[in-house]
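Novice: Construct all of the structure, not just a fragment, from the sequences and the given hints.
Here the protein sequences line up with chains A and B, keeping their order.
Numbering of the first sequence is given in the numbering used here, commencing with residue 836 and proceeding in unit increments.
Numbering of the second sequence is given in the numbering used here, commencing with residue 149 and proceeding in unit increments.
Worth double-checking, as some hints may not be accurate.
[What the hints assert, rightly or not] Below are the DSBU-like pairs computed for lysine-lysine, each with C-alpha atoms no more than 30 angstroms apart in a straight line:
no., chain 1, residue 1, chain 2, residue 2
1, B, Lys151, A, Lys984
2, B, Lys187, A, Lys987
3, B, Lys187, A, Lys840
4, A, Lys984, B, Lys195
5, B, Lys216, A, Lys984
6, A, Lys840, B, Lys195
7, B, Lys216, B, Lys167
8, B, Lys215, A, Lys987
9, B, Lys195, B, Lys151
10, B, Lys151, A, Lys858
11, B, Lys195, A, Lys909
12, A, Lys1020, A, Lys909
13, B, Lys167, A, Lys910
14, A, Lys984, B, Lys167
15, A, Lys840, B, Lys216
16, A, Lys1016, B, Lys216
17, A, Lys858, A, Lys909
18, A, Lys1020, A, Lys839
19, A, Lys1020, A, Lys858
20, A, Lys1057, B, Lys195
21, B, Lys167, B, Lys195
22, A, Lys987, A, Lys975
23, A, Lys975, B, Lys167
FYI, nobody ran anything at the bench for these hints, they're computed from the structure.
Predicted model, so just to flag it, every value in this text is computed and none were measured.
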Amino acid sequence: MEEKKGIIFTGAIVGIIAVLLVKFGNPVNMGFCIACFLRDIAGGLGLHRAAVVQYLRPEIMGLVLGAFIIALSKKEFQVRGGSSPFIRFTLGVTVMIGALMFLGCPLRMVLRLGGGDLNAILGIAGFVVGIGLGIFFLNKGFSLRRSYKLPKSEGFVFPIVNVLLIALLVSAPAFIFFSEKGPGKMHAPIFIALAAGLIVGALAQRTRLCMVGGIRDFILFKDTYLLSGFIAIFVFSLIGNVLLGYFNIGFEGQPVAHADGLWNFLGMVLCGWASVLLGGCPMRQLILAGEGNTDSVITVMGMIVGAAICHNFGLASSPKGPTSNGQIAVIICFIIVALVGYFNSEMVISESKVKGDVKVG
Amino acid sequence: MAKIDVRGMSCPQPVLMTKNAIASNPSTIEVIVDNNTAKNNVSRFLKNAGYDLSVEELDEDYLISAKK
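Specialist: Dropping the structure here:
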């Protein structure tokens, strides 16, 4: 219990901050959503033209910079990369396609449940199934291979990009898109959102909070450390939503959500499966990116491009429900993720046995 | 005595490789890791599996030595 205090505290803070961000202006049940916010950033940069989801969300920049600052100060800033970058990029795209079918990343899935959105139960069921599929491949020796040490300068680029994004947000030049209605219009004041991101980024870096890791480690190792954070987010967002009057239990009419159970389920199967192969949920990828992991930077780039693809090709769901393009895309992504899993496991390769194998002597 | 090198592997492979390495129930095991997250995860796993640990900080890596 002693060692879990930190992660339970972090989960509690994330749950409370997420509800407070709604109070300060973010869409309901979207105090913190990595997929939604990366999608808004993609829109803000003009990578897609869905007018209702365009904003440079400072929560994301805060997450990266919070993790970056604390990692530097704790001497945990380690610049690495080179572990199957384009596969990671592709998996990042698929994670986003799955998340935007469901309308939220794994973090928002928990926040939606905390707000009474029962569609999230189907999302969580799908997420668990997806994680189970990922674990099947892990147990078959799946690996995206080793990463390698890279020059420090490589790891500084992404934090600098995030500082530039903050500058663009504050200066609001004409070439940045800002929604005039819809979820993109709804946002907390910049400095509150940035501070929220910094706090969550720093705490998540220290505790390694990860939504995928919570369920994965419980299934694989019966380890409840990360799962404790996952549960704390739910409990404290639930309490916060009840206290502030946002709690609204049911399936229909939930904020920025649809009630198509099958596709909510399948979207999160895809998101969970691809995230296990990537080694962590979308939030964890941002934290690792801040810590100098350039493979995670590539994954985040994949998620941003994935968001642009979703909105340029009509794949993303809306409160009206999923689109047929989105349904086709999710099926194609299942095939892609299965192929990635198969061709990178020991069912096909034996090379991963060369290094890191057990030496008995 | 089992020895594994999990440097550069992404989560959860350091722990999975450790799990595979202790499948034959060795009395001692050494795991070399290159980051704090893997150090903590592998250490927690080995402790739960009933090993006593010592962690030595190398240049940029950690050597986790465990024995039953």
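Novice: Next, verify each hint and record whether it holds.
Specialist: Comparing the hints with the structure gives:
Proximity of Lys151(B) to Lys984(A) is assessed by CA-CA distance (about 22 angstroms); at most 30 angstroms being required, the pair is judged to hold. The suggested pairing of Lys187(B) with Lys987(A) holds, with an alpha-carbon distance near 22 angstroms, which does not exceed 30 angstroms. In summary, the hint linking Lys187(B) to Lys840(A) is supported, as the alpha carbons are separated by about 19 angstroms, within the 30 angstroms threshold. Between the alpha carbons of Lys984(A) and Lys195(B) the distance comes to roughly 29 angstroms, so the proposed pair stays at or under 30 angstroms and holds.
For the hint pairing Lys216(B) with Lys984(A), the CA-to-CA distance comes to about 33 angstroms; that exceeds 30 angstroms, so the pair is violated. For a cut-off of 30 angstroms, the pair hint linking Lys840(A) to Lys195(B) stands: about 18 angstroms separates their Cα positions. With a CA separation close to 15 angstroms, the supplied pair Lys216(B) and Lys167(B) stays within the 30 angstroms bound. A distance of roughly 36 angstroms separates the Cα atoms of Lys215(B) and Lys987(A); the hinted pair therefore is violated under the 30 angstroms criterion.
Between Lys195(B) and Lys151(B) the CA atoms are separated by roughly 17 angstroms; this keeps the pair inside 30 angstroms, and the hint holds. Proposed proximity of Lys151(B) and Lys858(A) is contradicted: the alpha carbons are some 53 angstroms apart, above 30 angstroms. Between Lys195(B) and Lys909(A) the alpha-carbon distance is near 24 angstroms, which keeps this suggested pair within the 30 angstroms criterion. Note on Lys1020(A) and Lys909(A): the hinted pairing is violated, with a Cα-Cα distance of about 37 angstroms set against a maximum of 30 angstroms.
Distance check on the hinted pair: Lys167(B) and Lys910(A) sit about 28 angstroms apart at the alpha-carbon level, within 30 angstroms; holds. Between Lys984(A) and Lys167(B) the CA atoms are separated by roughly 25 angstroms; this keeps the pair inside 30 angstroms, and the hint holds. Proposed proximity of Lys840(A) and Lys216(B) is supported: the alpha carbons are some 27 angstroms apart, at most 30 angstroms. For the hint pairing Lys1016(A) with Lys216(B), the CA-to-CA distance comes to about 62 angstroms; that exceeds 30 angstroms, so the pair is violated.
The suggested pairing of Lys858(A) with Lys909(A) is violated, with an alpha-carbon distance near 33 angstroms, which exceeds 30 angstroms. Note on Lys1020(A) and Lys839(A): the hinted pairing is violated, with a Cα-Cα distance of about 38 angstroms set against a maximum of 30 angstroms. Restraint check for Lys1020(A) and Lys858(A): satisfied, since their Cα atoms lie roughly 14 angstroms apart, inside the 30 angstroms limit. With a C-alpha separation of about 13 angstroms, the suggested pair Lys1057(A) and Lys195(B) falls inside the 30 angstroms cut-off, and the hint holds.
Note on Lys167(B) and Lys195(B): the hinted pairing holds, with a Cα-Cα distance of about 12 angstroms set against a maximum of 30 angstroms. This hinted pair does not check out: Lys987(A) and Lys975(A) have alpha carbons roughly 34 angstroms apart, beyond 30 angstroms. Note on Lys975(A) and Lys167(B): the hinted pairing holds, with a Cα-Cα distance of about 14 angstroms set against a maximum of 30 angstroms.
In this structure, the hints that do not hold are numbers 5, 8, 10, 12, 16, 17, 18, 22, in rising order.
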